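*Asks:* The primary structure of each chain is shown beneath.
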Amino acid sequence: DQQVKQNSPSLSVQEGRISILNCDYTNSMFDYFLWYKKYPAEGPTFLISISSIKDKNEDGRFTVFLNKSAKHLSLHIVPSQPGDSAVYFCAASGLQGAQKLVFGQGTRLTINP
Amino acid sequence: NAGVTQTPKFQVLKTGQSMTLQCAQDMNHNSMYWYRQDPGMGLRLIYYSASEGTTDKGEVPNGYNVSRLNKREFSLRLESAAPSQTSVYFCASQKGGTGDNYGYTFGSGTRLTVV
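Same order as they appear, the protein sequences are chains A and B.
In this text, residue positions in the first sequence follow my numbering: the first is 1, and each later residue adds one.
In this text, residue positions in the second sequence follow my numbering: the first is 1, and each later residue adds one.
Worth flagging that the hints you see were computed from the coordinates, not collected in a lab.
All of these numbers come straight from a predicted model, not from anything done at the bench.
Some hints could be false.
[What the hints assert, rightly or not] Pairs of lysine-lysine residues, derived as BS3-like cross-links and limited to a Cα-Cα distance of at most 27 Å, are as follows: (1) A/Lys-54 <-> B/Lys-95; (2) B/Lys-57 <-> B/Lys-9; (3) A/Lys-68 <-> A/Lys-5; (4) A/Lys-5 <-> A/Lys-37; (5) B/Lys-95 <-> B/Lys-57; (6) B/Lys-57 <-> A/Lys-37; (7) B/Lys-9 <-> A/Lys-37; (8) B/Lys-95 <-> A/Lys-56; (9) B/Lys-95 <-> A/Lys-37; (10) B/Lys-71 <-> A/Lys-5; (11) A/Lys-5 <-> A/Lys-54.
[To be verified] For the chain B half of the interface with chain A, some residues (derived, Cβ under 8 Å), not all of them: (12) Ser-31; (13) Gly-40; (14) Met-41; (15) Gly-42; (16) Leu-43; (17) Tyr-48; (18) Gly-58; (19) Phe-90; (20) Gln-94; (21) Gly-103; (22) Tyr-104; (23) Phe-106; (24) Gly-107; (25) Ser-108; (26) Gly-109; (27) Leu-112.
[Stated by the list, open to error] The calculated label-pair distances, taken between Cβ atoms and stated as ranges, are: (28) A/Asp-55 <-> B/Phe-10: 40 to 48 Å; (29) B/Thr-20 <-> A/Glu-42: 17 to 25 Å; (30) A/Asn-7 <-> B/Asn-65: 29 to 37 Å; (31) B/Ser-84 <-> A/Ala-70: 29 to 37 Å; (32) B/Ser-67 <-> A/Pro-79: 42 to 50 Å; (33) B/Ser-80 <-> A/Pro-40: 27 to 35 Å; (34) B/Met-19 <-> A/Pro-79: 41 to 49 Å.
Just so you know, even glycine gets a beta-carbon here, dropped at the ideal spot from N, CA and C.
Isolated chain B (complex conformation) (with noise of 0.2 Å):
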């Protein structure tokens, strides 16, 4: 069972190009989030989406949209992308619900650096 895959796994782009990243969660969880890891800085939530349908702001928003196509996938794109937007990207999903242990599951990441 693949869990949650992120596509692409590496890629690098030009100031100002856009691009999406991908994730598939097969476990029909609930929950689904973006995360990006920076050195010194952990991980920061950037959207999240508690359920099909639905999207919310996280900590670091700006310079981001997402959508949640369907129970299965949650893209995030980056519109006109910046050198601050250099890191790795984490999506991750989570069942939720009443009795919830909260444990997310991560896809391997994805590597972007914006030159």
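Bound conformation, chain A alone (with noise of 0.2 Å):
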């Protein structure tokens, strides 16, 4: 049973364009949702993440929206670089014990010039 779905395994985008990547989730208990980046033969990296409380999050380049009643939240990447080719992956916890992270199956970015 996939908590956490990511629908799109790939996702190709034009350098400058938009990227927008997206994520569903079932268990209502989940109140904190995170976004992770991940190269070839490295770890994912935190990359941004968003509470319940909120429907949107910014950094940089980057924002985060939550759409609770559709338990559904997307990254946006605004302007797309050649950089952001990665791996993304979406997870998302609940206030329970060790705040584990229940991750999404991932969806390939690559940017083109």
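Reassemble the complex: the two chains are provided individually, in unrelated frames, and hints are given to aid placement.
*Replies:* Given below as structure tokens:
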């Protein structure tokens, strides 16, 4: 039972345009959401997060939007740059015990020059 | 500063062999985690340790054991490796506690092949 789903395995975007990565979740107990970025042969690195009390969080070129009623979040990257080419994982957590993160399957983003 | 260090980076095992994946963090974090990454499956939690002296099962614990040796180190053991355990294994640590932003720091991974 996949509690966090990224339904697009891959996405290709032109440099300078907007990249939109989507994530859906099923567990209404999740109250904190994160995006991680992963380059080949490296571990994932934290990118941006959002609490369920907010519907938007910005950090430079990266913005995460949360729609709790739809159990959906998205990551917007504007403008997209070649260095943004990576696998992006969505993750969710609830206020339980050790704050375990549940990850989605990942979306491979390719930025074309 | 090293962050989270995993050893080895690569390993090939024969079915039935055993091995231990090592993980150490130098950030004085309380919580540590082991995940495996498989194509199309994302990252799945194997075991975690909320604090020194405690360990708990995650989503896919079968075939694995863990030891939280001290606050810095959290090892993952495969007692009798199977081809289904071919994967990339990531260790992560987290500060934990009230007000923490839930962010993990990951190691660079161990690529394990079981033949």
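*Asks:* Next step is simple, just say for each hint if it's right about the structure.
*Replies:* These are the hints, each one checked on the structure:
1. A/Lys-54 <-> B/Lys-95: Holds, at about 23 Å.
2. B/Lys-57 <-> B/Lys-9: holds (24 Å)
3. A/Lys-68 <-> A/Lys-5: Distance ~15 Å between A/Lys-68 and A/Lys-5 Cα, so the pair holds.
4. A/Lys-5 <-> A/Lys-37: Answer holds: A/Lys-5 to A/Lys-37 is near 16 Å, not above 27 Å.
5. B/Lys-95 <-> B/Lys-57: Since the Cα atoms of B/Lys-95 and B/Lys-57 sit roughly 19 Å apart, the hinted pair holds (cutoff 27 Å).
6. B/Lys-57 <-> A/Lys-37: It holds: about 26 Å lies between the C-alpha atoms, which stays within 27 Å.
7. B/Lys-9 <-> A/Lys-37: holds (20 Å)
8. B/Lys-95 <-> A/Lys-56: holds (25 Å)
9. B/Lys-95 <-> A/Lys-37: Roughly 20 Å between the alpha carbons, so the hint for B/Lys-95 and A/Lys-37 holds.
10. B/Lys-71 <-> A/Lys-5: At roughly 33 Å apart (the allowed maximum being 27 Å), A/Lys-5 and B/Lys-71 break the hint.
11. A/Lys-5 <-> A/Lys-54: holds (21 Å)
12. Ser-31: holds (5 Å)
13. Gly-40: holds (6 Å)
14. Met-41: Holds - the Cβ of B/Met-41 comes within 8 Å of chain A, reaching about 6 Å at its closest.
15. Gly-42: holds (4 Å)
16. Leu-43: holds (4 Å)
17. Tyr-48: This interface hint holds because 5 Å falls under the 8 Å limit.
18. Gly-58: holds (7 Å)
19. Phe-90: Holds: closest Cβ of chain A sits about 6 Å from B/Phe-90, inside 8 Å.
20. Gln-94: Constraint on B/Gln-94 satisfied, holds at 7 Å.
21. Gly-103: At 4 Å from the nearest chain A Cβ, B/Gly-103 passes the 8 Å test, so the hint holds.
22. Tyr-104: OK, holds: B/Tyr-104 within 8 Å of chain A, min 6 Å.
23. Phe-106: holds (3 Å)
24. Gly-107: holds (5 Å)
25. Ser-108: OK, holds: B/Ser-108 within 8 Å of chain A, min 5 Å.
26. Gly-109: Holds, about 6 Å.
27. Leu-112: At about 14 Å, which exceeds the 8 Å cut-off, the nearest Cβ of chain A leaves the hint on B/Leu-112 violated.
28. A/Asp-55 <-> B/Phe-10: 40 to 48 Å: holds (43 Å)
29. B/Thr-20 <-> A/Glu-42: 17 to 25 Å: About 23 Å separates the Cβ atoms of B/Thr-20 and A/Glu-42, which means 17 to 25 Å holds.
30. A/Asn-7 <-> B/Asn-65: 29 to 37 Å: 34 Å Cβ-Cβ, so the 29 to 37 Å window holds.
31. B/Ser-84 <-> A/Ala-70: 29 to 37 Å: holds (35 Å)
32. B/Ser-67 <-> A/Pro-79: 42 to 50 Å: holds (47 Å)
33. B/Ser-80 <-> A/Pro-40: 27 to 35 Å: Holds, since B/Ser-80 and A/Pro-40 (Cβ atoms, about 30 Å apart) stay within the stated range.
34. B/Met-19 <-> A/Pro-79: 41 to 49 Å: Distance hint for B/Met-19, A/Pro-79 holds at roughly 45 Å.
Checked against the numbered hints above, the structure breaks hints 10 and 27 and satisfies the rest.
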